[in-house]
Amino acid sequence: MLNKILKALEDSVKTVLTIAIACAAAGIIVGMISLTGVGAKFTSLVLALAHGQLFLALILTMIVTIILGMGMNITPTYILAASLAAPALIKAGVVPMAAHFFIMYFAAMATMTPPVAMAAYTAASIADSDPMKVGFTAVRLGIVAYIIPFVFIYRPELLLHGESAKIIITSLFIFAGCYSLACGLNGWLFKPTKNYERIILLAAALLMFWPSYLINAIGAAILGVTMLMQYSRRDNLRDEIKVAV
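Counting from 1, position 23 in the sequence shown corresponds to residue 23 in this note's numbering; the numbering is continuous, with no gaps.
Treat the hints loosely; a few may be bogus.
[Claimed, not checked] Mimicking SDA-like on lysine to any residue, the simulated pairs with C-alpha atoms at most 20 Å apart in a straight line are:
#1 K194 / A182
#2 K191 / G224
#3 K91 / L49
#4 K91 / P156
#5 K41 / L56
#6 K133 / V116
#7 K133 / Y121
#8 K194 / M227
#9 K166 / C178
#10 K91 / I63
#11 K41 / H51
#12 K191 / C178
#13 K166 / I148
#14 K14 / L2
#15 K133 / V144
#16 K41 / G93
#17 K191 / L141
#18 K166 / A176
#19 K166 / M97
#20 K91 / S44
#21 K41 / A86
#22 K133 / P114
#23 K41 / Q53
#24 K166 / P211
#25 K91 / I59
#26 K166 / V151
[Stated by the list, open to error] Here are the computed distance ranges between Cβ atoms for each label pair:
#27 S12 / I199: 49 to 57 Å
#28 S44 / A127: 40 to 48 Å
#29 E10 / K133: 36 to 44 Å
#30 I168 / A221: 14 to 22 Å
#31 V13 / K133: 37 to 45 Å
It should be emphasised that the hints constitute simulated quantities derived from the structure, not laboratory data. Since the model is a prediction, treat every value here as computed from it, not as a measurement. All C-beta atoms, glycine included, are put in the ideal place defined by N, C-alpha and C.
Hey, can you work out the whole structure from these sequences and the hints?
Right under this line is the structure:
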């Protein structure tokens, strides 16, 4: 028992040292940014390039965060990107918590985003596969993680901001949207989907992500109709399988 406790303490110290080194390195960079005024210039640059368009500011922030994350771990990437980009997003009207969550998400996603996807390279070496193929497969399977940060910028209810009823309703719509998106991308609902059904499912997902309850309801209705159509044809699929057997 004592050996296990000592081992746990040893592992904890090693973990803390790794994080401390990363934070120290990031702290030096953040200090340089503060002293040279690069942070303020970057904020002005993002706002100028975005021309007052929040979506463009988010795209620029995403690109910068992913580029920074190509050569660093998640923690220093977040610290550095937050010092650069978070003020620009907050000035653009984004809730501070949402701005920082947005940056944190893409700091994590940088590890699986080609061309420099360190997590994909590690997984590819274990699986003895092509790193680029693994990276693009990871992007396809994790596409929701690239979309959700944009969603909670426009729908802060996902971060528990607002009334309880709105939080619950928004969460249900977003959950249904993620389900519809996954079905559309992977081509499967109750059975393999046809090409037009995949397009419908993707469109329904987009409607349920849109910051409007009316449009969300339309998207949910489209998803429901598509599910009913698929479910009604499920028996036909069973008959086809029996005939084939």
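Unmet hints by their number, sorted upward, for this structure = Result: no hint breaks.
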